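**Q** Read off the chains here:
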Amino acid sequence: MIEALRDRPANDEIEISLFGPGYGESIVLHLGGGRWCVVDSCLDKDTGRAAALVYLEEIGVDLQRQVEIIVCTHWHDDHIRGMASLLAACQNARFICSSSLRESAFLQIVALSETIRGAHGGGLNEFARVLQQIMMRRHCNEPSPLETCHAGSVLLERRDESLPLKIASLSPSDTDHKRMSETFAEKRNQLLSSEYKQSVPTMHPNLGSIVLRVEIGKQMILLGADMESRKSKTGGWSAILSQAPAASKADFYKIAHHGSNTGDMPGIWTELLVPDCPAVLTPNQRLANPLPRVTDVERILRRTPNAFATAPASLKRKRLEQPAERLLRHKDIAVYEIPSSQGHLRARVSIHTKDVWKIHTYGRAFQLAP
Amino acid sequence: MTDVSSLDSYAYSNQLGSAPSVLTSSGDTDFADAMIYDPAQNKDTAFEFNGESSSHTQHGSFVRRRIMNFPVARIQKKRRNFRETSSWEGVVTQVSDEGVIAKLCRRYQDFPAEEALIPWGEIDPADQALAKEGAMFSWKVGYLENNGQRLSVSHIEFRRIPSFSARELAAAKMKAAEYSALFHD
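From first to last, the protein sequence lines stand for chains A and B.
So the first sequence is numbered by our numbering: it starts at 5 and just counts up by one.
So the second sequence is numbered by our numbering: it starts at 291 and just counts up by one.
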């Protein structure tokens, strides 16, 4: 870890650390007063452990006492890797996931995916590990950390005058919840009706993901998760915009869905955010659909000049061992590395004043430019 | 040794990693003396019992004959070994005109760490119908050593695991119910 990163934020300082290796996303939030919140999880390349865990240990945070909540916005691979180990280390943290995930069809898919060997169910298997850990705590008569949320839920509130705090979820809406239930039922039936066992087909749970609004003192932060826009006015970003209070606008934005076009709406920038606010994103370096695209970067820069990414979106070709390297080159087949080298963006600001956010880039992180 | 090379085409094992087999003889044909039972040979036997003589005709008897020893057939493996240098478990994430995009996972990894576009030409025509989203396959790359020659080989084989059994379904249902109970505590 870089030496400069070892300094802890002051008690009256907010910190947002965004880890995004290129495929994965994890946010570590200092809520003031030495209390922490972790949103999603990805892995650290060097240690293979949850990036949030490595960082918090490095800066000397007492994981058992100081981490208050862990939020799992959705169960996609890139948002959940290492979540079970994070929960195990943060014994007293509450674990909050979307209300869509308690659907029986989804839980059946999770249980079925555990029986498919070699399917490397990824996110589903990690979610199963989280549930097994909660089950184990239940057997030991320990309080269950599991909670669910939907649009309008308040996850954490502190009315202390010196450090007021409120974390609320803006999604999923009822429409999105219903849509997710239908998707889960459809995918479960697809899994059961296929002739041969197969890995769970891709599901797009982005509409069921949790968008968070964090108010700490005079600062307000919007964490967009992987939320996307929908045609329906009662779902996706439209539903969030229709219920947003006009007076409160966020000063800092974690751009939704890796900066994609589908994760954006002009209303987000005009209704929910102050002009030219700092915005950060993690890329999604996949072969089929890498994000953000050049057009996405151009669009984001039109919205705000203060945009940052934790890593570039391009995929790196992997050099294989011989003779695989020689043979596959001859056949013109490229194997790309799903990256895990760390890119880290750290933003800090005082809780009590409306200062400018100080943003530092580490590793592969950089400021977006045209 | 008589190599029955015409039977090579019957070699049943044409799979990667196992050498094709051929039917061969164990040695040359030769001859040997043997006692053979011949039912056409009748033998009359005369004997005396309590002062009375009697005779009996036995039908068939053993005779010494010279017979041909045919070589014993046996399966012999050709010297063809596959040495695996890289292997992945893959899951198809997208199907396109050019091929399939797949997430690749090495053994003992929890999460896929690699991704590739595999052209249709690399996939056995018999397996192409199986290459749908979610389909699992194994991909092995290595050397095929064939009588001293070394060939680089890439082999993709789609998994044909029968769908969930009644027992698996019942177990999954029970587990899902346990998971569900956690949300209702």
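These are computed hints drawn from the structure, not numbers from a lab.
One thing to keep in mind: the hints can contain errors.
Okay, derived cross-link-like pairs now, BS3-like style, lysine-lysine, Cα gap no bigger than 25 angstroms in a straight line [as the list claims (entries may be wrong)]:
(1) B/K430 - A/K322
(2) A/K362 - A/K222
(3) A/K222 - A/K235
(4) B/K463 - A/K182
(5) B/K463 - A/K191
(6) A/K49 - A/K235
(7) A/K191 - B/K422
Between beta-carbon pairs, the in silico distance windows are [stated by the list, open to error]:
(8) A/T51 - B/E435: 51 to 59 angstroms
(9) A/Q247 - B/Q418: 47 to 55 angstroms
(10) A/E302 - B/R373: 47 to 55 angstroms
Only a predicted model underlies this, so the values are computations on that prediction, with no experimental measurement involved.
A virtual CB, placed ideally from N, CA and C, is assigned to each residue, including glycine.
**Q** Work down the list of hints and note, for each, if the structure agrees.
**A** Right, here's what the structure says about each hint:
A hinted pair counts as satisfied when its Cα atoms are at most 25 angstroms apart, and B/K430 with A/K322 qualifies at roughly 17 angstroms. Of the supplied pair hints, the one linking A/K362 and A/K222 holds, its CA atoms being roughly 16 angstroms apart against a limit of 25 angstroms. For the hint linking A/K222 to A/K235, the alpha-carbon distance of about 34 angstroms lies beyond 25 angstroms, and the restraint is violated. Between B/K463 and A/K182, the direct Cα distance comes to roughly 22 angstroms. Compliance with the 25 angstroms bound is thereby established for this hinted pair.
Restraint check: the Cα-Cα separation between B/K463 and A/K191 comes to about 16 angstroms, which is no more than 25 angstroms; the hinted pair holds. A hinted pair counts as satisfied when its Cα atoms are at most 25 angstroms apart, and A/K49 with A/K235 does not qualify at roughly 39 angstroms. About 14 angstroms separates the Cα atoms of A/K191 and B/K422, which keeps this hinted pair within 25 angstroms; it holds. Between A/T51 and B/E435 the Cβ separation comes to about 39 angstroms, which falls outside the hinted range of 51 to 59 angstroms.
In this structure the supplied range 47 to 55 angstroms holds for A/Q247 paired with B/Q418, their Cβ-Cβ distance being about 49 angstroms. Checked against the given bound of 47 to 55 angstroms, the beta carbons of A/E302 and B/R373, roughly 50 angstroms apart, stay inside it.
Going down the numbered hints, you'll see the structure goes against 3, 6, 8, while the others check out.
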